[in-house]
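Student: The lines below spell out each chain.
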Amino acid sequence: MNPLDLVLRPVAPADLTALERIAAASADAINSLPHDREKLRIRIERSLEAFASQDASSGEETYLFVLEDLARGELVGCSGIAASAGFHDRFYSYRNEFVVHASAALGVSQRTHTLHLCHDLTGYTLLTSFYIDPAYESGLGPHLLSRARLLFIAQFAERFNDRIAAESPGLADASGQSPFWDAVGRRFFGMDYPQAETLAGGRSKAFIADLMPHSAIYVPLLPEAAQWAIGQLHPVAELPFSILQDEGFDADTYVDIFDGGPTVEARLAELRSVRHARRLNICETPVGGGAPDWHVVTNPQREGFRAVLAQLPAGTQDLVPGDPLLARIGAGASGPLWVTPLSPAPDTGAQG
Amino acid sequence: MNAVREQAPADVVAGWLNQAGVAVPAEPDAGDVGLVLVDPQDVPIACLRLRPRIGLAVPRYSYHLGRVVHAAAELNLFLAQQTLLLGNDHTGESELSDLACAPGLSEAQQVEALKQLVRAALERIQAQRQAFGQRLIVELAGPRDALGRSPVWQGLGGMFYSGDPDAAQARFGEAWRSHLAALLPRQTLYLSFLHEAAQAALGQVGAPGLAAAQALRACGLVFSQHVRIDDGGPLMEACL
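Read top to bottom, the protein sequences are chains A and B. Note that my numbering gives residue 286 to position 270 of the first sequence, counting from 1, and the numbers run on in steps of one. Note that my numbering gives residue 241 to position 229 of the second sequence, counting from 1, and the numbers run on in steps of one.
Just so you know, the hints here were simulated from the structure itself, not pulled from any lab data. Just so we're clear, the structure is a prediction, and the values are computed from it rather than from any experiment. Please note that a few of the clues may not be correct.
What the hints assert, rightly or not - Taking CB as the label site, the calculated pair distances span:
#1 B:Ala92 x A:Ala190: 31 to 41 Å
#2 A:His129 x B:Leu87: 26 to 36 Å
#3 A:Ala151 x B:Leu89: 52 to 62 Å
#4 B:Val81 x A:Arg62: 44 to 54 Å
#5 A:Gly351 x B:Leu87: 44 to 54 Å
#6 A:Glu240 x B:Val70: 53 to 63 Å
#7 A:Arg62 x B:Ala92: 19 to 29 Å
#8 A:Pro362 x B:Ala179: 28 to 38 Å
#9 A:Leu20 x B:Ala83: 56 to 66 Å
#10 A:Ala121 x B:Leu87: 45 to 55 Å
#11 A:Gln70 x B:Glu208: 29 to 39 Å
Don't be surprised by glycine CBs; every beta carbon is placed ideally from N, CA and C.
Produce the entire structure from the sequences given, and follow the hints as far as they go.
Tutor: Here is the structure:
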C-alpha cells in the first residue's frame with residue numbers, strides 16, 4: 017500500500033459496519049473496542065459529540081479516530097483519546113515501589129518490589145483503542161494512527177490534561193486467562209478475568225478496585241508466573257507500545273491492576289512528536305530544504321480534523337499554494353498545518 | 013505428692029525441649045521467676061519460666077490476625093479476608109516460657125505436670141500483681157513437615173530472609189525474631205497471598221507445643237489472634 021493513500025479522520029456514523037469488523041479482529045483486552053454493534057454505535061455517537069463539543073471540556077469526552085486507505089476505500093485501523101482518566105471518579109493503577117529492608121545483625125540488606133494501589137493517573141488524558149489491520153502493521157500506518165493523536169491533543173490542549181497515559185494489555189493466554197489476575201484479582205473476586213471484565217461492563221474501574229486489597233502487595237509472595245507478568249505486554253500490544261516508548265513515555269512506574277500490563281505516562285510537552293512539531297505556512301517563496309523525510313501532517317480543524325503522511329524536506333517551514341498535500345489534508349483556508357517528523361534527528365527540536 | 017519449687021530451671025533441666033521446640037537455656041534472664049515441679053522422690057519432672065515484662069529491652073514482634081471485608085453489592089460479592097499485621101502488641105506484658113517436661117513422660121503426664129506449674133505461676137502473679145502486665149502470653153511452636161520444614165516459614169519469612177532460621181535461632185536466641193522482623197513486610201498482608209500450606213499451618217500448634225497448649229487451655233488461656241513471625245505458631249493469652 018502507498019502511505020500517501022492513508023488518511024486519519026474522526027469516526028463517522030457510516031463507519032459502523034467497518035468498525036464492527038475491526039472490533040471482531042482485535043484482541044479481547046483492556047481498552048479494545050466492544051464486540052457489540054449497539055455499543056459501537058454508542059461509541060461513535062459519543063465521539064461525534066466530543067469532536068462537536070464546545071471548548072469547555074467536561075472530561076467525559078472520548079474521541080475515536082479511524083485510519084482509511086483511500087485507494088481501497090476501507091478502514092484499516094482506529095485509535096482513540098479519553099479526555100480524562102477515571103472521568104469524575106477515580107482511575108486506579110498499581111505503582112511499582114521498592115522498599116529496602118535491612119538487618120545489620122543478620123547481615124542482610126535487600127530490595128523488595130511492592131505494588132501500591134494508587135489514583136495517581138486520575139484525570140490524565142488517556143490514549144485508547146489502538147488497532148491496525150495486520151496487513152498494515154509493517155508500514156507507516158501505525159505511526160500515523162498513534163502519533164497524529166498527540167498533535168490533536170497539542171492543538172486542542174485546553175480540552176486535555178497536560179499529562180498523558182496509555183494502558184497496554186498485559187500477558188494473557190488464548191482464552192483470556194491472565195497469570196497476574198489469577199494471583200491477585202481472582203483471590204478477591206473468585207472469578208475468571210474475562211468474567212470480571214464482563215460483569216464490570218462499562219463501569220469505571222473504581223467499582224472493581226473497591227474489592228482489591230488496599231495495602232501494598234509484596235511481589236515476592238506472588239507465584240513466579242505472576243511476578244514475571246508484572247509490566248509484561250500482550251504480544252498484540254508490542255507495536256503500539258514501541259511507538260509510545262519512542263515518543264518518550266515512561267513505562268516503569270505503573271501497571272494495570274487487573275492484568276499487570278504496563279501503563280505508560282508522560283508530559284505531553286515532552287513527547288517527541290510534540291517537541292518536534294512545527295507550523296507549516298502557505299508561502300510563495302518557501303525556505304528550508306534538505307533531504308525529504310516522512311512526516312505526519314495535520315490540519316488545524318477539530319470536527320474536520322485530518323492527518324496524513326507526507327515526504328517533506330527536514331527543515332521545511334512553508335508550502336507553496338497548490339501543493340497537492342493541501343488537497344489531501346483538506347485544510348482549506350482555515351489556518352496553518354502542523355507537521356512533525358516520524359524520525360527526527362535526535363538533537364533537534366528540543367527547544368519545545 | 014508433687015511439689016512446685018521456685019528455682020532457676022536451668023540448674024536441673026538443661027537440655028529439655030520447651031513448648032516452642034527450643035532447648036531450655038542454661039542461663040535464665042535476671043528478674044525471671046523459675047518454677048520447677050518435682051515428684052515425691054524430689055526428681056524434677058517439669059519446669060517453666062515466668063517473665064514479668066517483655067519487649068522492653070529488645071522489641072518483641074508478632075503477627076496479628078485480623079479480618080477485612082471487601083463487599084460489592086452490585087456484584088453480589090461479600091468476601092471476608094484474613095490479614096496479618098506485624099506489630100509489638102505485647103510490649104510490657106508478661107510471659108510464660110520454657111514450659112518443658114522431663115523426657116519419658118506420657119502426654120497425659122506432661123499435661124498434668126504443666127497444669128500444676130501454670131496454676132502455680134498464676135498464683136505467683138496474683139501475689140505480686142503490680143510487677144506484671146495486663147496480659148500473660150505464651151508462644152507455641154508452629155507445625156513442621158516430615159522433613160522438619162515449617163510451611164509458614166517457607167511461604168512467608170523465607171521469601172524475605174534466605175538464611176536458615178534454625179541456625180539463626182541457635183546463634184541469636186530469641187533475639188533472632190527481632191532481627192528477622194526488620195526484613196519482613198511492615199504493611200498489612202492478605203493471608204490469601206500465601207501458599208495454601210502456609211495458610212493452613214498458620215496458628216496451628218506444632219508437636220513440641222501440644223502438651224503445653226492443652227495445659228494452658230485447661231488453665232483458661234485462649235488463642236490471642238497473634239502468631240509467631242517465623243513458624244506461625246499461635247500465641248495464647250490470659251487477661252490478668
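Student: Regarding His129 of chain A and Leu87 of chain B, is the given constraint of 26 to 36 Å on their beta-carbon distance met?
Tutor: holds, 30 Å
Student: Determine whether the Cβ-Cβ distance between Gln70 of chain A and Glu208 of chain B falls within the hinted range of 29 to 39 Å.
Tutor: Distance hint for Gln70 of chain A, Glu208 of chain B is violated at roughly 57 Å.
Student: Between Ala151 of chain A and Leu89 of chain B, is the Cβ distance one that fits in 52 to 62 Å?
Tutor: Check failed, 43 Å falls outside 52 to 62 Å.
Student: State, for the Cβ atoms of Ala121 of chain A and Leu87 of chain B, whether the hinted interval 45 to 55 Å holds or is violated.
Tutor: This hint holds: roughly 47 Å between Cβ atoms.
Student: Note whether the CB distance of Pro362 of chain A and Ala179 of chain B lies within 28 to 38 Å or breaks it.
Tutor: With Cβ atoms ~55 Å apart, the hint is violated.
Student: Mind checking the hinted window 56 to 66 Å against the Cβ distance between Leu20 of chain A and Ala83 of chain B?
Tutor: holds, 57 Å
Student: Could you see if the CB distance from Arg62 of chain A to Ala92 of chain B stays within 19 to 29 Å?
Tutor: violated, 39 Å
Student: Do Ala92 of chain B and Ala190 of chain A keep their Cβ atoms within the hinted range of 31 to 41 Å?
Tutor: holds, 34 Å
Student: Cβ-Cβ distance between Gly351 of chain A and Leu87 of chain B: within 44 to 54 Å?
Tutor: holds, 50 Å
Student: Taking 44 to 54 Å as the hint, is the beta-carbon distance of Val81 of chain B and Arg62 of chain A inside that range?
Tutor: Violated - the Cβ-Cβ distance for Val81 of chain B and Arg62 of chain A, about 36 Å, lies outside 44 to 54 Å.
Student: Could you say whether the range 53 to 63 Å given as a hint is met by the Cβ separation of Glu240 of chain A and Val70 of chain B?
Tutor: violated, 36 Å
Hints 3, 4, 6, 7, 8 and 11, counting from the list given before, are not met by this structure.
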